[in-house]
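Undergrad: One letter stands for each residue in the lines below.
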Amino acid sequence: MAQVELRNVYGHYGKAVAVNDVSLVIRSGAFVTLLGPSGCGKTSTLRIVAGLLPVSSGQVEFDGRSVNRVSSAQRNIGMVFQSLALFPHMTVAENVAFGLKMRKVAPAEIESRVRRMLDIVRLGHLADRYPAQMSGGQQQRVALARALVIAPSILILDEPFGALDRKLREAMQVELHSLTRELGITALFVTHDQDEALMLSDAIAVMNQGCVEQFGPPAEIYRAPATRFVADFMGMTNFLSGRLLAADQTSSRIDIAGSVVSGPPRSAAVTGDPITLAVRPEKVTVMPRAASGAGSQHAAVAGKIRQVTFHGESLRYVIDLDGGESIVAIEPVHSRENDLEPGTSVLAQWRSEDVFLFAP
Amino acid sequence: MRHPTPAALLVLPACILVAACLILPLAFVLAFSFNPARPGEIELTGELTIANYWRFFASPFYWKILGKTVYLSATTTAICAAFGTVLALAIWRAPASRRGLIVIVVLSPLLVSIVTRTFGWMVVLGDNGLINAILIGTGIVGQPLQLMFTNSAVIVGLVHVFLPIMVLPIVTALERIDPAVPEAAGTLGAGPATVAFRIVLPLASPGLIAGITIVFSLAMSSYVTPALMGGPDSGVLTTLIYQQFVVTFNWQFGAVLVAILLATSLLAVGVTFFEFGRRSRAWMSR
Amino acid sequence: MTADRLQHACFSGLVWMLYVFLLAPLVCIIIVSFNSEAVQSFPPTGWSLRWYAAALNNAGFVKGALTSFLLAAAATLLATPLGVMAAVGLWNGRWRFKPIIEALFVSPIIVPGLVSGIALLVVLASAGIRQAPARLLIGHMLIVLPYVIRTTLASLLQLDRSLQEAAETLGATSRQAFFKIVLPLIKPGIAAGMLFGFILSFDDVNVSLFLVDARTMTLPISVMSYLQYSFDPSVAAISSMMIALTFTLTVVLERWFGLKRLFAGR
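Protein chains in written order, with the working numbering: chain A, 1 to 360; chain B, 1001 to 1286; chain C, 2001 to 2266.
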């Protein structure tokens, strides 16, 4: 299993910059995901690692050796494409055997390795079928088997589960997770789905416009987003503008539309600066204003409910705040006796430790 | 029906045109071939005989002509298949900016009259033509080479005419291939030649087959190129047909020749499709 | 890496040779047409436009050109309404025997032109119709028809069917919806088919071969007859003019509709 390193890598499509000074270390045996919206450069970065997109500048190294000039056929990678790219005119067994044939492995060994791999992905009984005769999930497993049987230095996956329905998708995610851990494979995965990234990865690189905004373990990305973009992408979607009133090592005070709330410590900020406060909808609770008497640990901002929608286990409130902005709160369905109606005057509350501050 | 005029009614006039002016006449010709041969007589009679067919099949002379026609057509088709694949691959891999230009270069000869194209080859291969001028000018030969009026000249002319037609269905088949498939083969260690021969070409083979059947048919029924490039006694079926209808006025025998021409083409097409269909039914998804 | 590069270089070399092969005869014709001598020799000993003048003065060529032009125009104008109606019928129709109708409309392309021409000749002669213009017109309508059907149908298939439905829910009758919404949108396809059919009719030799007579000749057949007896550059001149015409039309067609779609049909 190889360690893959990117140092100051740039990649272009024609004149457009697709990969903008990306540096990453994918440790041997680690599962790393490139996460971001379409056009953020994650697929381009992946293709650079695979050798399908040339490096404009910077270094790509496998186990310390530069592979900039090495073709993708020589890099010993196992790649699963978004469309799977199974060879339609070859049987499942022939598809899986292809990489071994290219490496001039002896036929007897090819047969045993293919059979073993097909058993691992539970397709042994379908070895002589053609891809067109198989279901989506089965085709997925063929693509995986084909990439894994050659014992690649790194397994590269380009949004492989995008076209599957939810149930199949979840099953494949679970299978990929256990397979990669069992085989101890270095893997590079690309997706735009944050849940998928959180579930599968040892480390996530959140990308935006060709740059890596944050790289770290899933828990860190989720709980401590480094930039507003990462916060937004990971579901922390309430952004309120305010002004910083005071800040020290333990806490800060922010003025939001007339209400004063407390927040986490913030260094390198000048009092009086405009600032953005971010909080997850799941962390916001709603209290009717009539029954106010909020505890002092809860920050509170006043507003009126505009819309209520039902989502099975939760209710989602859109609240127009007095200052003009709006905030979304998501609460479990049975958290109160009487459901709140649109038009009710309320206080939106959260704990100061659930808040993140960003430059505006 | 959404449309007030039922669809069947809309289709009718064109159907009548084709049926009356193509299908019926073809049947007529077939019937005619069974009439006794009476040069000058062009009415269909009720007398049926296979004498005309017998005349054809019993004579080595006519077999020779059929053989030569098939040989020229098959050779042309094979050459077109090889070079057509090369051109199709070039179009398929060309960057989008250049592709339009290449398509025009490859396909525009199709829109120039066959007479013009054949004439062009007469200019190139003639005693005073381009090739001889180059050969004499550079001193390779002292006398002009006889390039025209040979089988090779006919083949060259036919290849030129039909190469663009071969390219088209192959390009269409290539464009149906998921571009990730050859990429995947590359990541698994295959070099460009392996990708071309083991992956791309097999997947494009339906187009190749279509092209082969079309070109063979057209080559068999080509008149202008063999007549101009091979001389008046070029010994192909089509010039023989022309003689029957325009010179000797033995229309009944001419009809036989037409029937044999059609039958040979259809036979070749049928065999190719059958063979190919058998092999690829399993993996072709609809 | 160098083995790959060598392969690429060989491939490119072959491709370029094929381009030359495809264009060389046409280029040679154009060069020869400017020759000041009577022999079509390479390289031309002098440059002159005399053969263009000679071609334009050749009664056979001029008459042939006029005949070809009128014939192509008439065939196109007559075949187009039939073809458009047939395409719309195919688009709307839900019959089980649709493939048979489609095969019927493709048959003029599959049956060799020579055979079509002969078949028409034989049937019409039997029916007593011996006038070349009538025979030619019918034969050429058969040339144009399948391509108009093909391109119109291709355009229709690309159309979102819900457009017609949307128009109807807004109050249009089926006829209005068709003429105001569908037809304007498929006009490019129809026009491409017409242009293509026109070119093929103008260029045709195989179908016309047996349908012409001494008084009514198309241009390509005129040229061919001329070629069988004489060999002077006026043929090159008239051919160059034909090449120029078709190249211009080809570029227009490629930009408008795409040559590949025209021939491939889909």
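Wrong hints could be hidden among the right ones.
[What the hints assert, rightly or not] List time: in silico EDC-like cross-link candidates among lysine to aspartate or glutamate, alpha-carbon distance up to 20 Å: (1) A:K104 / C:D2160; (2) A:K283 / A:D354; (3) A:K283 / A:D339; (4) A:K304 / A:E325; (5) A:K101 / B:E1041; (6) C:K2187 / C:D2213.
Hints are computed from structural coordinates only; laboratory data are not their basis.
Undergrad: Decide, hint by hint, whether the structure agrees.
TA: Checked hints:
no., hint, verdict
1, A:K104 / C:D2160, "violated (51 Å)"
2, A:K283 / A:D354, "holds (7 Å)"
3, A:K283 / A:D339, "holds (18 Å)"
4, A:K304 / A:E325, "holds (11 Å)"
5, A:K101 / B:E1041, "violated (69 Å)"
6, C:K2187 / C:D2213, "violated (36 Å)"
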